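Listed below are the residues making up each chain.
Number of protein chains: 2
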Amino acid sequence: MKKLINGVDDVVTEALVGIAAAHPELRIDLANRIVYRGDAPKAGKVGLISGGGSGHEPLHGGFVGRGMLDAACAGAVFTSPTPDQMLEATKNVDAGAGVLHIVKNYTGDIMNFEMAAEMAAAESGATVETVVVDDDVAVQDSLYTAGRRGVGLTVLLEKITGAAAEAGRDLAATADVAKKVNAGGRSMGMALTSCVVPAAGKPTFDLPADEMEIGIGIHGEPGRRRVPLAPAREIAAMLVEPILADLDFTGGPVIAMLNGMGGSPLLELYLMYGEVKAILDKAGVTVARSLVGNYITSLDMAGCSVTLLKADADLLSLWDAPVSTPGLRWGV
Amino acid sequence: MKKLINGVDDVVTEALVGIAAAHPELRIDLANRIVYRGDAPKAGKVGLISGGGSGHEPLHGGFVGRGMLDAACAGAVFTSPTPDQMLEATKNVDAGAGVLHIVKNYTGDIMNFEMAAEMAAAESGATVETVVVDDDVAVQDSLYTAGRRGVGLTVLLEKITGAAAEAGRDLAATADVAKKVNAGGRSMGMALTSCVVPAAGKPTFDLPADEMEIGIGIHGEPGRRRVPLAPAREIAAMLVEPILADLDFTGGPVIAMLNGMGGSPLLELYLMYGEVKAILDKAGVTVARSLVGNYITSLDMAGCSVTLLKADADLLSLWDAPVSTPGLRWGV
Chain A
693 MKKLINGVDD VVTEALVGIA AAHPELRIDL ANRIVYRGDA PKAGKVGLIS
743 GGGSGHEPLH GGFVGRGMLD AACAGAVFTS PTPDQMLEAT KNVDAGAGVL
793 HIVKNYTGDI MNFEMAAEMA AAESGATVET VVVDDDVAVQ DSLYTAGRRG
843 VGLTVLLEKI TGAAAEAGRD LAATADVAKK VNAGGRSMGM ALTSCVVPAA
893 GKPTFDLPAD EMEIGIGIHG EPGRRRVPLA PAREIAAMLV EPILADLDFT
943 GGPVIAMLNG MGGSPLLELY LMYGEVKAIL DKAGVTVARS LVGNYITSLD
993 MAGCSVTLLK ADADLLSLWD APVSTPGLRW GV
Chain B
693 MKKLINGVDD VVTEALVGIA AAHPELRIDL ANRIVYRGDA PKAGKVGLIS
743 GGGSGHEPLH GGFVGRGMLD AACAGAVFTS PTPDQMLEAT KNVDAGAGVL
793 HIVKNYTGDI MNFEMAAEMA AAESGATVET VVVDDDVAVQ DSLYTAGRRG
843 VGLTVLLEKI TGAAAEAGRD LAATADVAKK VNAGGRSMGM ALTSCVVPAA
893 GKPTFDLPAD EMEIGIGIHG EPGRRRVPLA PAREIAAMLV EPILADLDFT
943 GGPVIAMLNG MGGSPLLELY LMYGEVKAIL DKAGVTVARS LVGNYITSLD
993 MAGCSVTLLK ADADLLSLWD APVSTPGLRW GV
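The listed protein sequences correspond, in order, to chains A and B.
In terms of the numbering used here, the first sequence opens at residue 693 and continues consecutively.
In terms of the numbering used here, the second sequence opens at residue 693 and continues consecutively.
What the hints contain is simulated information worked out from the structure, not anything from laboratory work.
Remember, it's a predicted structure, so these values are computed and weren't measured experimentally.
Think of the CB as a built atom: it goes at the ideal place given N, C-alpha and C, for glycine as much as any other residue.
Mixed in with the good hints, there may be bad ones.
Derived, one-sided and incomplete: chain B residues facing chain A with beta-carbon distance under 10 Å [as the list claims (entries may be wrong)]:
no., residue
1, V769
2, T771
3, P890
4, T989
The task is simple: from the sequences and hints, build the whole structure.
Laid out in structure tokens, this is it:
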């Protein structure tokens, strides 16, 4: 295993030390592994919290800041944070307007966020709403998931919902935005290589030199099928077609994300986006906004994913609103 | 070779197609492989051009836009663009205030930019100044270089010099800023793995599973030495100490960049930055601004580099000025 780490047990905490050093505008609770925006809680604003296993950076800690999350809880690599972390974060971002939990659909995360919401209600009387992201069209009922997995759409949902909260919408309205995003978004990913979890020290799965995995999960969960390596053009079709088959994206503007899994160079990600865009053009899908880069990763996995989101005028204007986080920044 | 590409000969052009699709605010000349900011030439503004071999993305095409470059010329992977490309770009960004060429110190780039400057002067009477970046303390006289190589400092130089030009400074003053940055900046990099150039189809160099290369070049050129794998803390020292030995960074504010080579996850890059920052603190170096992520890469190479820049009040304010490019964006 070749990694820029010290001990395998200290990876997440030591990465948080680096985030604290690089981003003095954030506040890091190292003991509880929570990243807060520096000015949380914001009086009158709905508090937005997400979190999950580490190894998907910049998600979630890199999306904390003005116009996006108020706090992110970091679990061990590919492991849900504990209810205690979400409880602590919930109490600290609650300014009286309530708190929204954004949860990717994995059994552990669902359970732990639910427990935290109950404890917060009991302890401090906080009002907590929860939105579950389940956008992955690849498979139903995966290794760690009942139903569809939560993947790339989480990035878009955190941005758009964060803008709604920043604009002063109340808890119910902010949760409605999140649910609209989840209803109108779909994703599908693929891997050229496995990732290597530090504590395991070896690839999560074996993938022969001449094969790739279509429909991969962000923790290396099995996808739909293994196929021989193919040109980017064919890979793009293998990702876009199942998305378009699952939901009709014609007839209105769409936000498109071409996301890297962590180990694929930006040169290839842009090339892939060109192929995806050509397919969407041909299918009559109108891309109004796009995002290309590493936003929800799987450590050092080579590969990519495509996310599409139906975006009406309200969602587009929330997308365009200023955001200032380590991983996503514009307008400010 | 596992890559998200079609044919190996089309990688750069097809990536530019993707950049054009993702960034309608830019103008892409596919035939000449040039990325322009959409509103170039800007009347009264010094034109800023850079370029070099592809494979280092987001550098340079991802740094075109308001407050940074006016144009970037993309060569084949790890190969200098031709003089014709730089000539074309020079003519198209020249608004009468002159053009600054920002050139990383590689023999081919130096020669081709020089030829382009001479041709531009002869053809259109353009006034061209050139600044050469040579910040890599690792080695003197490398595989493609006489003197020191140009590496990570290029990112900081393009940002700061771009802000000077955007602020309306004239050609001489803009070139002076660039020279001040080059004089006050130093870098050093390391690799855990080789990169794979698409046209070669195999790793550029062999690096055993238990070794790393300290002082690596951004094209896989040999560094100072191969050593056994070590903890992040020791790697940070191997990068920072040669930089501090080369130039005194105490006594004033510093901009620090922890750059990923392309294949290392952000989790590790932040962890590395934490280690670098701890060493700088102990050495009495004051980090005023920082940047952590993949900014000047070597395709899919795993590894990182450290860049430090002495930044007086003028350079800091140019650093903080608004910038709007695919790879670097704030304040706008």
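Would you list, in rising numerical order, the hints stated earlier that this structure does not obey? Checked against the structure, the only hint that fails is number 2, while the rest are satisfied.
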